[in-house]
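There are 2 protein chains.
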Amino acid sequence: MAQKYVYWFGPNEADGNAEMRDLLGGKGANLAEMARLGLPVPAGFTITTEYCNRFFKEGGKFDEGLRAEVAAALAKTEASMGAKFGDPDNPLLVSCRSGARRSMPGMMETVLNVGLCSRTIPGLIAQFMKGQAGNPAAKQLAGRFVYDSYRRLIMMYSDVVMEKAEGIEPAEGQGIRQQLERLMDELKERKGYKSDVELTAEDLQWLCEKFKEKVQQVLGRPFPDDPQQQLWGAIAAVFKSWNGKRAVAYRRIEGIPDDWGTACNVQSMVFGNKGESSSTGVGFTRNPATGENTFYGEWLPNAQGEDVVAGIRTPCPLNDASKNEQNKHLPTLEQSMPELYRQLVGVRDTLERHYKDMQDIEFTIEEKKLYILQCRAGKRTGTAALNIAMDMLAEGLIDERTAVRRVDPAQLDELLHPIVDPAQEKNYRPIAEGLPAGPGGACGKIVFTSDDAVRWAREKGERVILVREETSPEDVDGMRAAAGILTSRGGMTCHAALVARGWGKCCIVGAAALEVDPIAKELRVDGKVFREGDVLTLNGTRGRVYQGALPLIEAGENPRFREFMALADKFRRMPVRANADDPPAVKTARSFGAEGIGLFRIEHMFYGAGGEQPLFILRKLILAKTDEERTKVIDELAPHVESDIYATLEVMDGLPVTVRLLDPPLHEFVPNDPTERVELAKGLGITLEELDRRAKALHELNPMMGHRGVRLGISYPYLTEMQIRALLRAAARLKEEGKNPKPELMVPVTCTVKELDFVRPIFDRVKQEVEKEFGLAVDCSYGTMIEIPRAALLADQMAKSAEFFSFGTNDLTQMCYGFSRDDIGGFLPTYMDKRILDFDPFQTIDPEGVGQLMAIAVERGRKVRPELKIGICGEHGGDPATVAFCYKLKFSYVSCSPYRIPLARLAAAHAAIAAGDA
Amino acid sequence: MAQKYVYWFGPNEADGNAEMRDLLGGKGANLAEMARLGLPVPAGFTITTEYCNRFFKEGGKFDEGLRAEVAAALAKTEASMGAKFGDPDNPLLVSCRSGARRSMPGMMETVLNVGLCSRTIPGLIAQFMKGQAGNPAAKQLAGRFVYDSYRRLIMMYSDVVMEKAEGIEPAEGQGIRQQLERLMDELKERKGYKSDVELTAEDLQWLCEKFKEKVQQVLGRPFPDDPQQQLWGAIAAVFKSWNGKRAVAYRRIEGIPDDWGTACNVQSMVFGNKGESSSTGVGFTRNPATGENTFYGEWLPNAQGEDVVAGIRTPCPLNDASKNEQNKHLPTLEQSMPELYRQLVGVRDTLERHYKDMQDIEFTIEEKKLYILQCRAGKRTGTAALNIAMDMLAEGLIDERTAVRRVDPAQLDELLHPIVDPAQEKNYRPIAEGLPAGPGGACGKIVFTSDDAVRWAREKGERVILVREETSPEDVDGMRAAAGILTSRGGMTCHAALVARGWGKCCIVGAAALEVDPIAKELRVDGKVFREGDVLTLNGTRGRVYQGALPLIEAGENPRFREFMALADKFRRMPVRANADDPPAVKTARSFGAEGIGLFRIEHMFYGAGGEQPLFILRKLILAKTDEERTKVIDELAPHVESDIYATLEVMDGLPVTVRLLDPPLHEFVPNDPTERVELAKGLGITLEELDRRAKALHELNPMMGHRGVRLGISYPYLTEMQIRALLRAAARLKEEGKNPKPELMVPVTCTVKELDFVRPIFDRVKQEVEKEFGLAVDCSYGTMIEIPRAALLADQMAKSAEFFSFGTNDLTQMCYGFSRDDIGGFLPTYMDKRILDFDPFQTIDPEGVGQLMAIAVERGRKVRPELKIGICGEHGGDPATVAFCYKLKFSYVSCSPYRIPLARLAAAHAAIAAGDA
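Taken in sequence, the protein lines are chains A and B.
Letter 382 of the first sequence, counting from 1, is numbered 382 in the working numbering, and no numbers are missing.
Letter 615 of the second sequence, counting from 1, is numbered 615 in the working numbering, and no numbers are missing.
There's no promise every hint is true.
Identical copies look the same in the list; a pair holds intra-copy or inter-copy alike.
No farther apart than 27 Å at their CA atoms in a straight line, the calculated lysine-lysine pairs in the BS3-like style are these [to be verified]:
(1) LYS210 x LYS587
(2) LYS191 x LYS214
(3) LYS834 x LYS84
(4) LYS754 x LYS245
(5) LYS328 x LYS426
(6) LYS521 x LYS742
(7) LYS739 x LYS194
(8) LYS61 x LYS4
(9) LYS800 x LYS57
(10) LYS76 x LYS139
Treat the hints as calculated values from the structure; they're not laboratory data.
The whole structure should be built from the sequences, with the hints applied where relevant.
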């Protein structure tokens with residue numbers, strides 16, 4: 001039997017059903033399902049996604065088998081609707097719409113009114129005038145309706161089928177659609193009309209002729225006057241729109257595979273624009289912004305669906321619950337058509353009961369008859385998602401697992417940070433894009449120095465955005481004072497990003513298009529100049545910078561948040577830790593449910609949070625030249641490191657805390673400021689010239705692969721020893737005080753087990769010494785980062801020395817791809833645009849390459865040491881897809897920045913449920 | 001049966017033989033073999049290397065089994081020598097010497113005269129005076145000999161056994177040996193003696209008492225007066241010296257595993273210092289410097305072996321053939337002891353016939369009786385190795401395979417470059433070390449600018465060393481004029497290294513200890529200041545910088561070189577290509593036997609060899625801002641690129657030439673010189689300020705992982721297209737002229753097959769266009785570098801698009817280890833010193849990590865495309881061990897810089913022979 005590519009649907013009957021999303025797309029599957037449910041769906045049929053792929057494989061041609069299937073389905077549709085496609089007397093019109101597995105709203109094409117042509121126009125007019133032949137007003141009305149439909153068809157078809165689907169890329173403003181619009185505008189101007197509705201039937205008829213002439217002239221081909229030709233052209237254009245630029249870009253962002261394809265839904269047209277007894281609208285079965293259990297939507301009398309979307313007329317509220325400031329004066333459907341509203345409410349109830357989820361419904365009322373054109377799970381805000389899930393659970397509609405899965409982890413961000421209102425944001429174009437270094441939204445006046453940020457914010461009470469080329473520890477006060485941070489340089493691990501993330505502060509780094517001039521206090525971009533005090537808005541979750549003030553949605557205190565998270569935790573099987581380095585961040589982490597610290601960076605205390613003194617000592621250390629100088633300075637540093645670790649262990653009492661030895665290339669901490677250099681030279685007792693010389697000698701061409709991590713610890717074993725002693729003494733002191741510290745020592749940037757074997761005896765000896773000093777045992781496990789490909793490949797050797805692994809996926813991704821995260825701005829956007837990369841591997845683990853290294857390391861490591869504890873502490877630890885990946889690899893835990901902990905907890909719960917483990 | 005740990009040897013009989021090197025060490029195996037050959041070997045025994053490992057495992061203790069075996073072997077030795085160890089009347093003395101599988105000359109310890117003590121001294125004196133009792137002169141002679149032996153024993157034993165083996169590390173100059181030497185010097189001064197031989201028996205006896213007091217005082221233990229205690233102490237010290245600092249360092253350099261262990265040879269002492277009828281010496285069965293087939297060596301009358309080595313007395317030549325400027329006035333052994341010389345020549349003949357290789361022999365003549373103490377394969381220069389191999393082949397002593405294997409590939413370097421005389425070099429301490437970027441030696445006056453180099457060299461005819469912080473294309477003329485190049489910055493792939501290697505010029509880069517001040521024209525290092533005109537010597541093969549002029553050995557024209565290489569090629573199974581980018585280098589490569597170009601770097605033309613114009617155009621390209629500007633400049637650049645490729649294809653006609661698309665981060669080419677910046681701004685028609693801004697925007701934090709390679713080609717497809725067109729047009733033009741070009745296009749820095757799939761359509765289209773333009777077919781294969789770990793891990797995907805792989809092992813090593821080759825100077829020396837790394841992975845492939853990635857890539861790539869051509873074009877391609885590794889992985893070819901081609905050819909021949917393939 002030949003493969004079936006066409007699925008019919010109509011009143012109470014359908015070949016498909018809701019389970020067949022992959023084959024029929026979401027829209028097609030739901031149309032079939034609604035038909036089966038007995039809902040008033042205009043008849044039609046769906047050409048499958050499989051055929052879409054076949055269509056591309058065959059070079060964009062249709063085969064005879066499909067043509068026969070379509071003919072049969074069309075005949076059945078004609079029978080159901082009592083009209084005939086292309087029939088001069090009683091013509092059936094159809095729409096052709098795309099419909100993929102997952103909704104891609106507005107990304108693909110639609111052609112309406114297919115079947116209108118010189119042969120069918122008179123019949124359709126006659127049909128509209130049924131029983132009113134000879135009535136000139138009725139004739140005018142019918143003529144206006146039909147020719148308006150026809151001009152819409154010509155506009156849409158010439159644009160979608162004849163231009164876009166053919167790959168024609170007209171110059172800016174020269175698209176066929178725009179040219180036709182100009183013709184219409186000219187006519188209106190000539191006639192002195194102010195709106196489209198003033199156009200008479202004759203005007204529109206004349207315009208349709210002009211349109212067709214223009215099409216011939218611009219595109220070199222006539223507008224097709226044959227319904228069959230129109231139909232097949234429209235189907236082909238729908239399929240081709242799967243590979244249109246917008247659709248491809250959207251798939252890239254949303255991670256939708258290219259080979260899913262779209263289905264094409266051919267459905268009988270019904271008309272919401274057949275006069276005052278007709279209308280069209282959209283509804284959500286619950287409020288998509290708040291989740292409130294009230295029917296919510298908009299409608300437009302005497303209109304076709306596209307009018308609602310197009311935003312030319314302000315849509316009316318469906319009911320009182322749907323009223324807002326813009327539309328509260330307009331009539332509701334409930335008032336205007338109470339019976340039909342009641343029917344619609346019935347549909348709403350049926351659909352929610354059936355789908356057990358909030359649905360987004362499109363409907364049309366044609367001469368008082370209600371048709372449902374589409375239903376799908378409705379998009380919703382994070383707040384709404386959470387409330388709907390918890391409500392439906394309470395209502396018994398869904399079970400706990402389903403409730404947990406109803407909230408996308410990424411949506412939780414909104415519940416934790418103020419965000420730029422997404423409904424408004426889409427109307428604005430960013431002036432620049434950068435890396436999303438700190439989540440949420442921020443809006444404020446720009447300042448260019450840390451001091452200004454402090455003065456404006458604290459003294460003037462202004463909300464400010466601190467704009468810098470890049471930040472350094474001296475900027476910390478200003479960063480703290482600012483509502484948001486914006487830099488033109490740096491990557492996801494630069495100073496600004498690290499600090500902002502720890503605080504959960506909105507931050508965009510590496511917005512390379514910006515030219516920051518701190519002297520002139522100017523920000524230049526793309527010919528525009530912004531000066532101190534000008535307002536910018538940052539979307540730190542997306543990395544977008546906007547001119548002016550965009551509205552922010554403030555993070556509300558959601559009382560159900562904790563309830564929901566507790567529910568998620570019920571199904572979670574993998575602990576979540578935090579990357580946090582100071583007591584406030586650690587407290588935040590704990591309040592968000594962190595079950596330990598997966599990454600405590602000793603260097604963090606030098607980023608300014610620990611005050612100036614430790615940084616000054618560190619700088620002396622870095623610029624010391626002899627071992628003698630160095631040893632002396634290290635001794636000075638020790639008490640600071642110890643008290644810093646002590647403070648975190650204290651807050652995380654009873655939970656594991658992984659302390660990482662100094663990691664970054666030290667020259668990062670060398671001051672650039674001349675005054676500070678002078679002071680530092682004095683502190684070291686050397687000349688400024690000598691200091692400059694030493695600083696210069698520290699310069700590295702590729703510091704990311706330079707003298708850092710354990711390499712420092714091997715060059716200066718005494719530095720390693722000091723850190724280990726600080727950690728163990730801090731733990732011993734807490735134990736002495738009756739606390740239960742659980743420290744873990746982590747060695748970074750290892751590439752051979754010999755590095756671990758070098759540090760281990762120091763660890764063992766210092767542990768003995770500290771235990772002797774305090775007269776008590778200190779438990780502390782010994783492990784390593786796996787962040788260098790070689791360490792992953794030789795994980796069996798590493799595991800002989802290490803008791804735990806923690807994947808440093810930032811560096812692992814850098815080395816695996818050969819991408820410097822700090823410099824990727826130079827080519828990542830191009831790589832995304834040109835589809836070389838489907839996603840940013842610094843946001844989500846690349847499962848094929850980096851993930852392969854991780855899988856190798858897990859397998860080889862556990863082979864040698866079955867009880868090996870394995871975690872992740874790169875930024876990826878808070879990415880839901882990565883959490884799922886780590887769960888599959890049987891990680892012992894994931895660790896992420898404090899504000900991402902709820903996301904990670906929820907993602908881990910999803911993963912456990914998906915795997916059938918919970 | 002218990003394991004045998006002690007192997008006896010003596011006249012005509014031995015437990016071991018020459019095959020047992022692994023167990024008995026080289027010395028022990030050869031002593032056994034010589035004994036079996038009937039050569040006059042003093043009896044003794046060897047304690048095996050296995051026991052050495054056991055000794056360490058047992059914590060440095062001997063077990064009873066061994067003690068029993070030693071007692072038995074000692075008894076047999078006593079019987080053979082007719083003397084008894086520890087016997088007061090007829091005492092036997094023994095030596096204890098180390099002996100590993102492979103010779104580690106001077107790296108481990110020896111104790112002579114073991115068995116001398118208060119109990120045996122009188123007997124030994126009496127024995128010396130046999131028949132002359134009462135003769136005071138004889139008594140004086142005997143006393144001097146015995147007490148001199150005793151003081152030597154005390155010095156050696158206290159140093160080796162009582163101090164070093166105990167891990168005592170005295171302060172500089174405070175070693176026990178030095179303290180004893182001072183006692184002896186004081187005595188000589190007090191007595192007014194000028195040389196040791198003036199010391200009387202009484203002086204020496206007194207001195208021995210003082211020595212023993214000093215030992216007690218300094219080391220807190222008495223000098224042992226019991227022969228057995230001395231013997232076991234000496235054996236333990238020999239074993240322990242395997243883990244002495246020098247031995248460990250040597251093993252690291254030579255790649256000798258730690259677990260081989262050393263054997264300990266206990267052998268009867270014979271005395272070359274028993275008066276004028278005694279002597280000692282060393283001989284080589286052929287001349288170790290030239291390979292000439294003449295007996296060659298040195299001897300000293302009335303001396304012990306250590307005197308020859310110590311260099312206190314100038315040794316005499318063995319025969320006329322051994323005479324040189326220093327010793328030609330001294331008596332030869334041939335003249336002085338003709339009969340013994342004849343015996344020695346007999347031994348020489350026996351040993352060469354038996355071992356079929358040039359031997360290094362140690363002998364002692366005790367009262368006119370010849371003893372052979374040791375023989376081993378003699379160290380030789382490259383020239384000697386080659387001549388001896390070819391001579392022995394001609395003599396029928398060895399077969400062709402053996403002849404080929406007798407020359408170490410690394411030794412060929414000497415035949416191609418002048419080198420620093422190794423015999424002299426060992427007496428000097430380098431003032432700095434850097435990376436060995438260009439091989440051979442150079443000596444000259446230092447200059448600090450390219451112009452000075454040209455002026456001094458060309459106009460004054462001076463040999464100069466160009467000293468720079470780092471070089472840039474502007475320095476090329478000076479680099480060409482200089483005999484050697486020295487920089488304080490940069491890695492093995494920096495500008496200086498790349499250029500020097502192509503020319504085969506001596507070059508050291510990244511000598512970080514140097515502070516180069518081009519303004520003051522000074523070089524500062526370690527408190528010393530060198531000024532323009534001061535003389536330095538560079539060993540570019542080792543990366544060592546010396547003060548003053550060290551003697552160089554000029555590369556001789558060796559007529560047998562080609563003959564030998566042809567012989568090697570007979571067994572070679574893997575082609576060798578060259579990394580070369582301009583006609584002179586390509587010609588050199590071809591003359592060295594290159595069978596194609598494995599790496600032609602388009603960027604090389606911008607390093608200055610192609611003149612100033614292309615560089616200027618490239619700079620304009622780099623600093624262009626819009627696609628329009630860029631396209632225009634690319635068109636300007638095209639003819640230069642085409643003619644450059646044309647020239648190389650022409651020289652390599654008929655052989656494959658792999659052309660790599662632009663690889664380095666472009667900002668490398670941005671000029672720093674203010675004048676050039678002004679000129680460039682003018683060329684671009686922009687202000688200097690704008691130019692500076694653009695240059696700054698190009699800055700990358702980690703350029704090695706930045707916007708380079710195919711990433712540039714994807715950002716600027718037109719740049720890719722231009723290069724492809726230049727390549728294909730160059731090939732088409734040559735074809736038109738009747739030539740046979742074999743171009744291959746190589747895409748660098750790929751991390752996903754999508755990059756290859758992006759470039760491929762450009763390649764296909766341009767190929768069609770060029771073929772149409774010229775009306776002929778151009779064959780050109782399409783391939784990729786494998787230099788990013790991800791590309792190796794996903795080689796199956798890469799091979800779907802690529803027709804060949806070429807491993808870029810420099811970058812692959814960088815990413816696999818996370819080591820920036822340019823910055824590794826900051827920690828590599830420490831890593832080598834502390835044994836974290838056993839070798840420099842940028843010199844030799846790391847088989848465990850980088851090699852694992854290569855093996856994965858080969859396997860996965862060939863699985864998808866069995867005919868996949870696989871090569872290597874990193875610097876490793878010329879490293880013998882790497883060549884062997886690549887051969888094992890069934891590489892299609894290796895490629896290296898022109899001057900390393902002979903090394904690679906020979907290494908490939910060795911690999912094929914070792915694998916049994918040839």
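Structure-based check of each hint:
1. LYS210 x LYS587: neither (70 Å within a copy, 72 Å between copies)
2. LYS191 x LYS214: within (20 Å within a copy, 123 Å between copies)
3. LYS834 x LYS84: neither (45 Å within a copy, 88 Å between copies)
4. LYS754 x LYS245: Between copies, since 18 Å is at most 27 Å while 51 Å is not.
5. LYS328 x LYS426: within (23 Å within a copy, 96 Å between copies)
6. LYS521 x LYS742: Intra 48 Å, inter 58 Å, cutoff 27 Å: neither.
7. LYS739 x LYS194: Neither way: LYS739 and LYS194 sit 78 Å apart in one copy and 75 Å across, limit 27 Å.
8. LYS61 x LYS4: For LYS61 and LYS4, the Cα distance is within 27 Å only inside one copy (17 Å; across copies 84 Å).
9. LYS800 x LYS57: This pair counts as between: shortest inter-copy Cα distance 19 Å, intra-copy 52 Å.
10. LYS76 x LYS139: Neither way: LYS76 and LYS139 sit 31 Å apart in one copy and 133 Å across, limit 27 Å.
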